[in-house]
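Chain residues, written in single-letter form:
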Amino acid sequence: MISALFLSLAVSTLTMIFSFFPQVEVLPTIANVDLDTVIVGGIGSLFRLADLFWYITNVVQGFIYIMGYYAFKFTFKFLAGLFQGVGGAAIN
Amino acid sequence: MINSYPQVVHTFTILAFVLGALLFAPHAAHAAILWDQYSTASTDNVNVSNDQYIDNATFSGTVQYIGIVGKRWTGASDLSTSFQLADSSGSYIDCQTGTDTLSGFGFPASSGFLTTADMELVYIGPFSGTQCNQSYSGVSGPIFKSVSNVSSSGAWQTGLHEESPSNFIAQIVILDGPPTPDGSCVDGDFGSCINTVDPANGAEIATSSLPYLFEVDGYISAEDYETGARIMIKIDRNTDQQAQGALIAWDSAFGNKTYLPLSSSGSFDVSTSTTAISENLNFPMDRIGLYRARWEIQTPKYSIFGFAFNYTAVQSLNTRFTVGTSTPLDLIQIDQEEYLQGVIDSISGDPLEQCNFNFFDSAFDFRLGSELLGCIGGMLHWLLVLPPGVLENTIVQLKEGFLTRVPWGYFTRIVNAVQDGSAGTLPTVHADIPIGGGDNISIEFDIDDIISGAASTTDLMVSPDGDTLRDIAEPILQLIVGLLVLMFIWKDIMRSV
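These protein sequence lines are chains E and V, in that order.
So the first sequence is numbered by the numbering used here: it starts at 2 and just counts up by one.
So the second sequence is numbered by the numbering used here: it starts at 1309 and just counts up by one.
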């Protein structure tokens, strides 16, 4: 409950502060370019391409898994390096 | 071995109890549908036969519940429709009162009319017309007639099967027990319940619309209605509660309340009147700010010689509303109060109950150690571990109040576009090629057609089972990719070791 209280207080304070800022419903139009339409249309096209070339999507998915593995590995090595100075084991 | 014998017996005893409890515990009964018929109308403006013939031969069992659903299509002419039990010749059956309303058949009289376009009539309730038993046991069976009243002529018309108006669809269900709850209060599947309230939770009421009439609709079961059920509405101003030292425990101690009687069982829709507010509720709502409302369906515990007392709530609902416009301070106050309400709700949970022992009585009891540890562990868990739903609510609050604001809102918008995105079409490319003399040849390339025309060939091959090449090849490809990824990771780990 203490953790919930701190969490609630932090979020409520952030919410109160940012309540003075405008709420974003759609992306703005800059130089007569409706960014929201462009982004949404572009994402729709990407989904369409992923639907058409589903076999490439599966390969990309595997590539993302490998990237996730490397992200985990480097994070682990970074943390292990931090603790190495206080008696932690050296991990290469 | 000798010492373990009682433990074995003990274990088998517990297992026997558990098994017995599983076998003999009352299970949730689901009603069987004895008879179910939709009208044949499926489209607008079609004259259909809506007589619902109940043939005794088509079902067996004891009829306990009857459900009727009628829906009037949008765009229909002004039409009121109700249901009426009739015999096979089309004559109405005098079930109880002799009137041509469903009240004689155990239906609430006011619920049988579809007075507005696209309104849906739902009634599911106990079959109370025991006087009609001889009618529906007939060989040919009685008819549930849809009775319409065309306002232009003012005359009752019998049977939508014979004449206009159309634009109506009906379903009748006969059950041998209470219907399975579907989550709708209107159906009364859960017994007495509140459906909607007005003002709704979080509503902002303009000062120009004061005085405001409070309205609540829902469902009252026949049992609760017979005991004298009533609706209680209690309104309180937030600052008044705080002045009395009650941040959130307002529902029992404070508040201006009024009671609304119910006229019948079944669906209800009651509201206060201006008189009720000024005389009973004494609630002018003339100050801008945050208000709270509590809505309760109450039934008396005791009723003697027509006097009912000790009312308790069978269902309650807390809402808040604002007169004027909510301020940021109102919002943060609401958040904190809802959080504290969660704290109070959780106090009655397990952690504190684990500490319900007397230290001095148990000072020389060897169980004290384990009880104390259980108590401390429970309290630490209660203090530090987020209760279910808190994190989810916090994330929702963070997203609505922080992540959608400038400047983070731009990123959130893109993330939402990706999450909610669906496959569109690829853009077309338009080219104007000058051919001299000021003339152009316009060429348009439909990229989607060009690419999908080639790519769709993989879907043209269909197996005898109807599976496309993708249906067959994609799982194999995913398996190969997955194995390659695993091999890659395994090789990398082995190289590091």
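Everything labelled a hint here was simulated from the structure, so no lab data went into it.
C-beta: ideal position from N, C-alpha, C; glycine also.
Some hints here could point you the wrong way.
Claimed, not checked - Simulated DEER-style distance windows between Cβ atoms: (1) Phe48/E <-> Ala1514/V: 52 to 60 angstroms; (2) Asp1506/V <-> Ile57/E: 48 to 56 angstroms; (3) Ile1684/V <-> Ile31/E: 37 to 45 angstroms.
Stated by the list, open to error - Coverage of chain E stretches by chain V, computed from C-beta distances (three or more under 8 angstroms per stretch; other residues unrestricted): (4) 37 to 45; (5) 59 to 67.
How the hints compare with the structure:
1. In this structure, Phe48/E and Ala1514/V break the distance hint of 52 to 60 angstroms, their C-beta atoms being roughly 43 angstroms apart.
2. Between Asp1506/V and Ile57/E the Cβ separation comes to about 54 angstroms, which falls inside the hinted range of 48 to 56 angstroms.
3. Range check, Ile1684/V to Ile31/E: Cβ separation about 59 angstroms, and the 37 to 45 angstroms hint is violated.
4. Under the rule that three or more residues need a Cβ within less than 8 angstroms of chain V, the assignment of the stretch 37 to 45 of chain E holds, with 6 such residues.
5. Taking a C-beta to C-beta cut-off of 8 angstroms, the stretch 59 to 67 of chain E contributes 6 residues in contact with chain V, enough for the three needed, and the coverage statement holds.
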